[in-house]
Structure formats: C-alpha cells, structure tokens
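6 protein chains.
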Amino acid sequence: MLYLTRRETFNAAHKLHIAEWSDEKNLAVFGKCSNRNWHGHNYELFVTVAGQPDSVTGFVMDAKQLSNIMKKEIVDQVDHQNFNIDVEWVPKGMQPTTENLLILFWDRIEQHINSIGEAKLYSIRLRETENIYAEYFGPTGRK
Amino acid sequence: MLYLTRRETFNAAHKLHIAEWSDEKNLAVFGKCSNRNWHGHNYELFVTVAGQPDSVTGFVMDAKQLSNIMKKEIVDQVDHQNFNIDVEWVPKGMQPTTENLLILFWDRIEQHINSIGEAKLYSIRLRETENIYAEYFGPTGRK
Amino acid sequence: MLYLTRRETFNAAHKLHIAEWSDEKNLAVFGKCSNRNWHGHNYELFVTVAGQPDSVTGFVMDAKQLSNIMKKEIVDQVDHQNFNIDVEWVPKGMQPTTENLLILFWDRIEQHINSIGEAKLYSIRLRETENIYAEYFGPTGRK
Amino acid sequence: MLYLTRRETFNAAHKLHIAEWSDEKNLAVFGKCSNRNWHGHNYELFVTVAGQPDSVTGFVMDAKQLSNIMKKEIVDQVDHQNFNIDVEWVPKGMQPTTENLLILFWDRIEQHINSIGEAKLYSIRLRETENIYAEYFGPTGRK
Amino acid sequence: MLYLTRRETFNAAHKLHIAEWSDEKNLAVFGKCSNRNWHGHNYELFVTVAGQPDSVTGFVMDAKQLSNIMKKEIVDQVDHQNFNIDVEWVPKGMQPTTENLLILFWDRIEQHINSIGEAKLYSIRLRETENIYAEYFGPTGRK
Amino acid sequence: MLYLTRRETFNAAHKLHIAEWSDEKNLAVFGKCSNRNWHGHNYELFVTVAGQPDSVTGFVMDAKQLSNIMKKEIVDQVDHQNFNIDVEWVPKGMQPTTENLLILFWDRIEQHINSIGEAKLYSIRLRETENIYAEYFGPTGRK
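Chains as they are written, first to last, in my numbering: chain H, 1063 to 1205; chain L, 1063 to 1205; chain V, 1063 to 1205; chain P, 1063 to 1205; chain R, 1063 to 1205; chain A, 1063 to 1205.
One chain only, chain H, in its complex shape:
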C-alpha cells in the first residue's frame, strides 16, 4: 500500500452559533467563533488515497484526477462561500466545524474517488489555521 496526498486550498466564511441560544451562551460555548457576523479562514484541504502503484504508470492514482474531484465536489462549491448560508449540502443547524466539514467532505468524494480504480479514499485532513487541523479516516475508522 502506498498513500498519495493532494492539497487544495479555499477561503470561506462561517460562524459557530446556535440560533436558539443567547449570544452569551454562544460566546461561552463557541468563543470568538460565535460572532453573529461571521469570520473566515484560508482552509487547506488534504485528501489521501491508498493503493498500489500501477505497474505501467507508477501512479496510485492520477493526481490530476484526484485534484479534479476535490475541486468539483468541494472547492468549487465552498470557495469564497459562507458555510452556514451558501453551501446547500451543509445541513441547516449543523455547525460547520472543521470536524463536521470533514465528514461532509468524505461523503461527497468517497464514491467519486473509489470508482476510478483500485485506489481508495484513505483520509481527509482540513487545516483551519496554522494552529488547528483535523483528520478523518471515514466511518469505519483508521485502518
């Protein structure tokens, strides 16, 4: 098994805020991220696929194909968007935390990646700031 990782970047706005809660409670739970009027990030998205290198091409997967899936299914839909308002596949009421976004991203790209060939989606990592990132290995966990 070899693991190939591709990075893409995007910028987006979000807030962590529960409408039914008071501003005070939102602030207590979500801190500065609860600001009603949004804030945003330069996100870095890393998708890792696992497989054997093809005996002819030497590719686990064509990194260009991987990039295209990442762009079509994720980046083009969230870049310069507001996760809470603009992205229809973020369920209303779900907080667009790094963690929740990873699970949504996984569901959007898994089939597209896994249907190309032998290589399979292994993990997604999302960096929100230089100090925070999260990683997800899918519903069956880290293998």
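Since the hints were made in silico from the structure, they are not lab data. A couple of the hints might just be wrong.
Since the list gives no way to pick one copy over another, a pair counts as held whenever it fits inside one copy or between any two copies.
Here are the simulated DSS-like pairs of lysine-lysine, each with C-alpha atoms no more than 25 Å apart in a straight line [to be verified]:
hint, residue 1, residue 2
1, Lys1094, Lys1133
2, Lys1205, Lys1087
3, Lys1087, Lys1126
4, Lys1094, Lys1126
5, Lys1133, Lys1154
6, Lys1133, Lys1182
7, Lys1154, Lys1087
8, Lys1134, Lys1154
9, Lys1154, Lys1182
10, Lys1094, Lys1154
11, Lys1126, Lys1182
12, Lys1205, Lys1182
13, Lys1134, Lys1182
14, Lys1134, Lys1094
15, Lys1205, Lys1154
16, Lys1205, Lys1094
Once you've looked at the hints, dock chains L, V, P, R and A against the given chain H.
Chains L, V, P, R and A in isolation, oriented as in the chain H frame:
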C-alpha cells in the same frame, strides 16, 4: 538604521461588494470576492519599525511593546470579526481590500509606535492568502 | 473517530550531555548538541485528540480548552526555560531529547485531556527544527 | 514506541514518459509531466524510524546517523540528477513517480537503518510539490 | 504608494552548462548545477506592482488580472518545461540562472502590467529553493 | 542591479540579561528573555548581495561561495553555541539581540563578500522566531 518586524495573525470575514451595483457588476469587478454572504481569511500582519538599537538593551524597540500595540489597536478589534459590519473604523462604503486595510492600520498604530522612543513605524505588510499580500510605507512613501 | 490537532510553540535551551563522561565522549555520542554551554530551539508542539464530534457543538473537543491545557501544563512551564536546569519535572540525569520530552509531556497532559469528555489524547508531536521531529502515541502504542 | 523523523532535501529532473507511446498518448496519461525535455522538482524527503528511546542517550536513533544514511544512499545519488537517465538503480522503463521512488528509496535504506540498533524503518514520505506528496510503510504495510 | 504582490508557482528543468567548456570546467564554475542531464526546481514567482488604491474598488490592481498576466506570459510557457531547450524566449547560450530569468520575465510582463492602469511593475522575485532567491527591480533599479 | 539572497540556519542559546541589574529589573526590561539559565532559537539567516549578473555565468555571485562565507564566518561559529558565553566576537556586556547580532554579522562578512567580485553585500536578515525578525543594510543605511 535597523528594521525590526513583528508578525501577528487574525481571522476575519469580508466581502468586496458595492451595494449600489448589481450582482453582475460586482461579480465582474470583484470576482468571487463579491459573494454577498461573505468569505474570510487567515490574515498575517507584519509591522516593521526602523531605528537604532539602544546602546544598553540592544533593542530597536521592545518587540513585546510592538506586539501589544498591534494587538490592542488592530488584532483585538478585527479578529473573528467582519470587516464590513463589525469594525467601526472601517468607513462605510470603503471596500476592505488588503490595500485599504493597510492604510487604516497605519493610521491606527503610527502614533502609538512613534511615541514610545526613537524608532518609527516603517512599513506594514498584510498577507491575505499564501498567494497575495500588500505592503504600505505610509503617506510619505518608501524611504 | 475524528482526530483534532492543536499547535503551540515555545523556545527553550537544552544540552545533551552526561556529566560523568568526558567532553570527548559527549561529543562522540551527542555531537554539537553536547556543548556544555547549551543551545536552543524554537519548538513546535502538536497535540492530537481522538473522538466523535459532539452532536450539538460539532466539536471533538473545544480547541480552546485543549490549548489551555497545553499552555498550563507544558508551554508556560518550559517557554524561555532551560530543560536541563529550570524544569523540575525533567528528571535529573534524563537527557532532554525530543523523544524523552514527548514521554514527559504525555504524562503531564493525558489526565487533563481525558477527563474533559469523551475525546482522548491520541498523539503528541514535537518539532525541534525544520529537519527533525518525533511523535509519541502513549505507552500502549499507536492504535 | 516512539517515531523519529528526519527531513532532507534535493533537486532533480524527471519525466513521466513511455517511449513506446506517442506523444499524444503520453500527454493523455501523464499530462504536463510527459514533456520529452524533462521538468524537475525541489523534493523533500522525510524518513521515520520507530523504536524505544535509549535509556542512556534518550535517542530512538542518532538523527545524525539517520541523516548520513539518507544522504549516502539517496540524496548524494539523486541531488541535481535526472531520475530517468542518471540514477542507475532506477530500472529502465520504470516511471520515476513519487510512488515508485518511495519503493526504491525504501529498499536502499532499510537494511542500513535496521542494522544500527533496535529502531526500525517505519515510513518514508516524499513531497514533490507543495500540493503533492506520497508515503510508504514498506512491503508489509502500515503497522 | 502601495505595493501589491502576487505569487504563482511552476516546476521546470534547467542546467547551467556552457557547451564550449569541458565538463570539468563546467563543474568548477557551476557545481552540481552543471549536470549535463538537467535537474529541476519548484519555482515560486512573486510579482509586485506599485500604485494607489482605486478610490472605488480599493484595488491597486485587480490581483486576478495580475495573476492572468503572470500565467499567460510566464507560467504557462515555462511550467513543466526545460528552460534550456523548450522556452524560445530564453536566448541560446544564456544560462537560465535565477538572475537571468528575472530579467527575461521582467521584459515579458512589464508592458502588459503597466498598460492596465496607473499601477506599475515594481519588482519580481524568483525563489529557486528554500535557500536561494533573487529579486529584480527593473533596468532603472530600486526606487 | 539584481539582488541574490541565500538562507542558512543555525540553533543557539542566549539570554538578554544585565549582570549589574536585579532579576526584577531584568525581567521588567527583557521579559522572559532574561531567564538566567538561557533559552534558545532556531535562527534563519538571510544574506542579500547586489550586483549585475555576469555576462557569461549569469551569476550575480556564486551562491555556493556566498554560502561558504556565511558558514565559515557565522554559522560554524555560532551553531549550537551560546551567544553570551561561547562566541568570542560578541563583546562582553553586549546583549545578543537580533539587532546587535546583525551588526556583528555584517562586520564579519562584508569584506569577504565584497572582495570576491563586483557584487556587494546589501542586507542581512535574521529571523529569531516565526514572529520576529530584523534586517540591517549596513552602517550607511538602505540604498
């Protein structure tokens, strides 16, 4: 002359959008940055001061003092905020571009920095993404 | 399972040096790191916790709480300190290598992190220079 | 178990190109990487070893020894070279993809690393650009 | 005056080698960069323009337009190419050093940039590796 | 004029501390940097030379020669050393601040660089942490 630079970071939302224009015209002029519902960035702010190192301390300026001014006058007021809505010293109708922010930032910190001692504010650089930054040397230009 | 990682930074001095050995033997074993008069690093510390995102907040763990534990239990005690002299929980005679520091750091934060909620400490990574880092998954190993 | 990672860098040329194929087919499969006249990269190579820290030195492995093996067996042989022409241990006809290089690198350093002491080679990561890297855990897979 | 900088990246092969010289002399003058069979780099290109922010848009220059010029006139012509062979506007016999490339790049983009509006090309910086970069301010020098 | 910059790195210990002062006064002036028992940094050193590219080689200066001077005159003398104790050309009683080090570094390399050929030392930049760096253009200032 020696030049001392201090970096601070913050996250914020903004949009580049002129209310009097149609969405089409906004899109034509500002591209994806015109999204009505905002987007955001992890900003990196670099402030450079110029002076002679003190003969006793060896400091052009105490970097902690410089950091404190940057935090009090800029970072604490814009971090996790929306430049178009939340920051009262961004004039209504002024687009919060990297360029315009630099001029506003300059005006907010120049006196605070220049009143400490001999060192003077020399430049401010603001990085919006890994691919775009701008730099300003004040109203009298690069010396 | 989702994995959330938080980065903190600190600067410290250390040396790798066994007092009972000659300078020559110290040099042979520890190289330049054996310099009697210390050297130092800008360390980067990454702590990863594993858990399920909370169904309401979307957090595996509040990154601010994680940061606070890292600061209180590690950063505030080692930043601008000398690992060989100043940090009382580094056992006398233990070399403050990246590897040994990781084990000490694990023991200092594991209970604090694991007592917050469902998420558990998963790994600690310590970067000593741009060319060297180490990672530890706890006494029971990588899961 | 602790994991120690060392980074080294090198620059090299390569192309992904199958001589028996037309330029059109090469372009269709390998994209811009198929350019007959080569292109190149600043590669970053990360080698990770796993072991217990020595009770006296606190080292999983002497990072200088690890660096020396990486330099002698890999970097000195590929730096400023052409992977398709100059490196005799790249089999003719094998595409020098990041994935294939990792397998070749593994075979070149595994015995040298594993014969030093208790620590064993755990993984090799090769970064080709800021957007693409691959990782290999050896023929028996990720442990 | 405000200074706006845009970064683009590309990968290319080159060698520093004078055909009339022996390999020994080439090696003595150009070191490892003289390898007959090429080597390559991940280049980072930074172009800085200087001007006043537009009173309506707040832009010194539309960064997207700047990016488009950089791509059309430079990146699309050199990415995954060999500077010595493939790029027709590199004069035969001119060594494709970072320094010489900067002068060629300047001549390719100056008119395109300066004809857009009031902002003018100020400098070009080209990073060849993490340890080497060069900067050029045009034939009339740093202003 | 073209400007060529070379980066080298080193690790060192230092403290900012005036022996005649009380610990309290040292702490008030130098903050955490005053710790009696030292702290340290991973320094990044950037040296920039200015000149015309040679018409044959295309070099403003051979970057290898520049690197050699940086290593011989600075890096080899300070790497894994203590600036306050080990480096004899740091005057006793001079605080080894980033600013003062720059002036000392300038004096050590200026003649070596300027005697090679037409290119002249233009600036030295020293990065102490990811948040602080200083730059020096020599006793006659920025040209």
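Do the hints match the structure? See the list:
1. Lys1094 / Lys1133: between (30 Å within a copy, 15 Å between copies)
2. Lys1205 / Lys1087: Neither: 38 Å inside a chain and 36 Å across chains, both beyond 25 Å.
3. Lys1087 / Lys1126: Result: close only across copies, 16 Å inter versus 45 Å intra.
4. Lys1094 / Lys1126: Answer is between: at 10 Å across copies they meet the 25 Å cutoff, but 38 Å inside does not.
5. Lys1133 / Lys1154: within (23 Å within a copy, 35 Å between copies)
6. Lys1133 / Lys1182: within (18 Å within a copy, 33 Å between copies)
7. Lys1154 / Lys1087: Close inside one copy (19 Å), not across copies (30 Å); limit 25 Å.
8. Lys1134 / Lys1154: within (22 Å within a copy, 36 Å between copies)
9. Lys1154 / Lys1182: neither (30 Å within a copy, 29 Å between copies)
10. Lys1094 / Lys1154: both (21 Å within a copy, 23 Å between copies)
11. Lys1126 / Lys1182: within (15 Å within a copy, 34 Å between copies)
12. Lys1205 / Lys1182: Both ways: Lys1205 and Lys1182 sit 12 Å apart in one copy and 18 Å across, limit 25 Å.
13. Lys1134 / Lys1182: within (18 Å within a copy, 35 Å between copies)
14. Lys1134 / Lys1094: between (31 Å within a copy, 16 Å between copies)
15. Lys1205 / Lys1154: neither (31 Å within a copy, 34 Å between copies)
16. Lys1205 / Lys1094: Neither, since 35 Å and 34 Å both go past 25 Å.
Of the numbered hints given earlier, the model fails hints 2, 9, 15, 16; all others are met.
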